[in-house]
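Listed in order, the protein sequences are those of chains A and B. Under the working numbering, read the first sequence as residues 1 to 453, first letter to last. Under the working numbering, read the second sequence as residues 454 to 900, first letter to last.
Each hint should be verified, as a subset may be incorrect.
What the simulated footprint calls covered on chain B by chain A, stretch by stretch (three residues with Cβ under 8 Å from a Cβ of chain A suffice, anywhere in the stretch; the number is not a length) [what the hints assert, rightly or not]:
1) 776 to 786
2) 847 to 861
3) 865 to 879
If you are wondering where the hints come from, they were derived from the structure by calculation, not from laboratory data. We treat Cβ as the ideally placed atom computed from N, Cα and C, and that holds for glycine.
Spelled out from the first residue to the last, the chains are:
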Amino acid sequence: MNNSNLSIAHSESDLNGKQKIGLALVGIGLLALLIAWAGAGASAPLAFLLVAFFGFAIGGLLFAHASYQDKIPGIKNNGVYHKSISARGIIAWILAILITGFYICLYWFPAYIEGLIRMHDPLSQVLRNKPADQWFTYGTFYTVAVLIMGIKFIYKYRHNTYQIIRTISVMCFQLLLAYLLPAFLATMNQPEAYFTYFWPLDSYALRPEWFGWNDPASVGMIGYIIIISGILLPFVVTPILTYLYGKRWYCSWVCGCGGLAETAGDPFRQLSDKSLTAWKIERWMIYAVLVAITLLTILLWVNHQTHNELLGSITEPYKKTYGFLIASMFSGVIGVGFYPIMGSRVWCRFGCPMAALLGLQQKFFSRFRITANGGQCISCGNCSTYCEMGIDVRAYAQRGQDIVRASCVGCGICAAVCPRGVLRLENAADDVNNRTKDIRTMHISKEGISIPM
Amino acid sequence: MHIAIIGNGISGVTAARFIRKLSDHKITIISAETEYFFSRTALMYIYMGHMRFKDTQPYEPWFWEKNRIDLVKDYVNNIDFNAKKLEFQSGSALSYDKLILATGSDSNKFGWPGQDLDGVHGLYSYQDLEAMERCSKGLKRAVIVGGGLIGIEMAEMFHSRNIPVTFLVRENSYWSNVLPKEESNIINKHIKENHIDLRLETELKEILPDANGKVRAVITNKGEEIACGFVGLTAGVHPNISFLKNTTLETHRGILVDNFLKTNIKDVYAIGDCAQIRTPKPGRRPVEAIWYTGRMMGETVAYNICGHPTEYDPGIWFNSAKFFDIEYQVYGYVPAEMPDEMETIYWAHPDGRKSIRLNFDKKEKHILGFNLMGVRYRHEVCEKWLREKTSIETVLQNLGMANFDPEFYEEYESEVIDIYNKKTNSNIALKRKRGLKGIFSFLKSNG
Ligand SMILES: Cc1cc2nc3c(=O)[nH]c(=O)nc-3n(C[C@H](O)[C@H](O)[C@H](O)COP(=O)(O)OP(=O)(O)OC[C@H]3O[C@@H](n4cnc5c(N)ncnc54)[C@H](O)[C@@H]3O)c2cc1C
Ligand code: SF4
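Using the sequences plus the hints, can you model the full thing?
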């Protein structure tokens with residue numbers, strides 16, 4: 001009799017030895033963070049930084065290794081809905097409160113995370129030649145989360161080349177363009193530009209008050225680069241790439257918000273709401289935000305050109321409200337803080353104006369779609385369950401209808417989890433205008449039996 | 454007109470949906486199993502924690518009201534075909550003008566001693582799943598009897614919870630009455646590498662109770678006693694028609710229907726697992742208890758009831774499954790034993806978890822079937838080749854068109870061609886790689 005399967009864990013109470021050590025190390029890292037947060041971070045920054053970093057890195061990687069390496073490659077979702085952390089249990093709520101609290105401090109009460117910020121001074125000195133501030137601290141947490149959880153993700157999906165390549169891509173963009181490059185620019189006394197974020201996601205990108213607009217030369221070469229890329233990226237590069245590959249080129253290959261959602265957020269993807277009601281709310285909200293940021297940008301320019309004579313009085317409060325509600329509350333506090341409760345893409349789905357814009361392009365003018373493989377769907381629901389954007393993929397697949405949805409970020413997980421090989425992400429120029437028309441499952445129609453193609 | 458449908462599975466629900474699309478008839482669906490339609494094929498994923506029960510329901514609760522489909526949760530004890538009336542367990546009754554029987558299947562039990570003990574269950578209904586869940590706590594070993602699709606799913610379910618499994622398979626290789634030898638072997642190995650205690654050529658003889666009437670052990674035909682706390686009976690299913698015995702309805706294994714899915718009684722139809730086609734199309738079986746045929750029958754019966762007489766034609770055979778981590782797809786004719794007039798090309802990956810098989814006619818050289826393990830192929834493309842009896846060489850040259858694996862996956866089509874070239878001393882080459890480009894024009898082209 002072979003009992004070796006007993007060693008494979010299926011729930012928290014059933015972890016193997018290596019997983020336990022991994023979790024213990026993560027626990028030590030977390031403890032170091034909490035003590036540093038409480039204030040001790042200022043007294044021995046380097047020690048706390050190292051303990052926290054190595055605790056998370058080594059512990060996280062050991063845990064990932066122990067969880068997946070000895071298993072046969074394939075979909076590893078056993079027990080997702082049995083575990084407290086991924087099924088909105090008590091651990092999920094604690095985590096949500098912790099992250100939400102951190103975001104609130106970060107945006108409005110940085111003094112309360114002074115310990116955490118000071119802890120990052122040594123790193124900031126090395127990378128940027130100056131002491132840390134809350135945004136550097138945040139960027140470090142963010143990047144480390146994307147990297148460690150990205151590696152875990154790659155272990156988990158190591159049979160799936162699409163997932164591996166895509167994840168390496170988001171990890172590189174986060175580390176190089178959204179973390180190291182801005183830090184490097186800082187050491188050169190240049191503005192810290194984030195080239196992976198642009199209008200309309202970066203609401204500052206096209207604002208007239210950004211100092212470079214009036215006089216790019218004063219900012220030097222980088223001023224011109226920022227302005228030119230700030231215009232080219234949203235208005236030229238984006239439509240072309242979205243036409244070719246769908247919005248996934250950005251949302252699940254480049255974007256930092258997407259990067260965090262795809263890595264640290266992966267354990268929570270099943271929590272997105274799949275109801276029709278949620279879809280209705282989504283369509284209202286996301287386009288409202290796109291309109292809001294467009295109006296704001298226009299207003300700011302009108303104001304700027306008329307020296308505040310036109311509409312000057314409403315612009316300032318409007319700007320402040322947008323910054324508070326959308327940029328801070330929505331994308332940060334709710335967007336990430338609520339991962340363990342509402343899933344990993346709440347911001348991307350309901351709030352991101354960039355996603356709204358890309359979605360419109362994807363819906364109406366793109367070669368991208370998810371093809372349903374004829375009649376093979378058994379309506380099991382795995383695809384819908386694991387869609388982080390809350391798309392009811394099954395509703396299309398079981399009718400043999402291809403999926404063309406504005407919100408789809410092309411993560412490819414639906415195709416990965418489908419047990420019958422029904423879904424495939426693909427691009428083709430042949431039928432851009434009727435991607436959704438063919439319903440191929442059924443062999444019967446009023447005219448008789450046929451396969452409409 | 455009032456149409457009553459007994460059974461809220463894929464067959465009954467598809468029928469109701471299409472009747473609603475085609476007409477304004479009053480529709481009532483009756484089922485004793487669950488309030489709403491759920492996907493039986495996903496039962497395993499609930500147990501394994503991939504999904505909650507509610508995630509397996511393809512339609513939200515509002516769907517039924519919006520589409521004016523009445524749902525009744527009750528058991529039909531008896532049908533008065535003369536008075537056109539259903540009699541429920543609860544005591545109430547319901548009249549109909551037309552009746553669709555879509556009652557599904559029931560697990561086979563072959564009269565084994567002890568088959569009705571506490572802790573012995575099939576896996577078909579939601580109640581079976583609840584029973585499995587109840588029995589799983591503290592379970593030390595499960596024995597599964599019957600090497601088909603449901604048996605292996607049950608093995609995977611227990612395995613996901615680290616419950617040791619002994620899997621009794623009567624044949625000398627897993628599912629060998631359906632899978633060709635090589636594919637069957639792939640699965641044998643895969644079952645074992647998942648640490649399932651696979652016993653080939655082993656049958657159940659007897660199930661032994663403990664003092665409380667609960668399962669304690671099984672005895673195999675080889676005389677071995679295996680201690681266990683659960684016995685899964687997964688040796689196939691049969692049409693669930695016992696409550697229809699001794700009526701004027703003609704039945705054999707299932708409810709007998711003609712090609713328009715009509716039974717011998719006027720205004721009564723039968724579809725899905727419970728139906729038995731009197732004269733099946735060539736190459737098809739009279740009872741095909743699978744999801745896809747249920748869906749197609751559901752649609753066909755709707756057309757027939759709504760005044761568009763349509764013969765049931767399931768088209769070219771296809772099916773799919775997943776054995777632990779190995780996906781399986783089949784299109785066309787792939788028998789377990791190769792007939793004389795058939796030739797085959799078989800490619801297998803060295804990792805032992807992927808294979809591609811193409812069957813073709815020895816004399817006419819046209820394609821007959823595709824069998825895939827761990828590789829996905831495109832349904833419509835394979836179907837068109839099969840329907841048009843495309844020559845094997847044309848198929849091979851364009852084989853990339855059929856590949857449905859995700860982007861960046863390795864493509865094995867040229868290796869398949871190499872095998873063909875060696876075997877037939879030919880020299881053909883792959884003309885197309887994987888991808889959607891060109892597929893629309895291929896699918897729309899005639900001939
Ligand atoms: C675990 C499992 C996995 C499967 N996987 C696959 C797969 O991967 N691919 C595939 O093709 N097929 C698969 N199948 C087979 C497939 O699920 C069935 O063929 C299909 O569900 C049959 O649908 P149906 O509508 O005919 O019947 P059912 O789904 O069985 O529906 C019949 C309903 O009628 C109810 N009923 C019956 N009699 C009465 C009565 N007298 N009064 C009231 N209600 C009644 C039953 O309770 C039941 O709810 C699987 C089956 C199981 C059990
Ligand atoms: S996961 Fe696959 S089989 Fe299941 S509902 Fe989605 S497309 Fe259909």
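Hints, one by one, checked against the model:
| no. | hint | in the structure |
| --- | --- | --- |
| 1 | 776 to 786 | holds (count 4) |
| 2 | 847 to 861 | holds (count 5) |
| 3 | 865 to 879 | violated (count 0) |
Hint compliance for this structure: hint 3 alone is broken.
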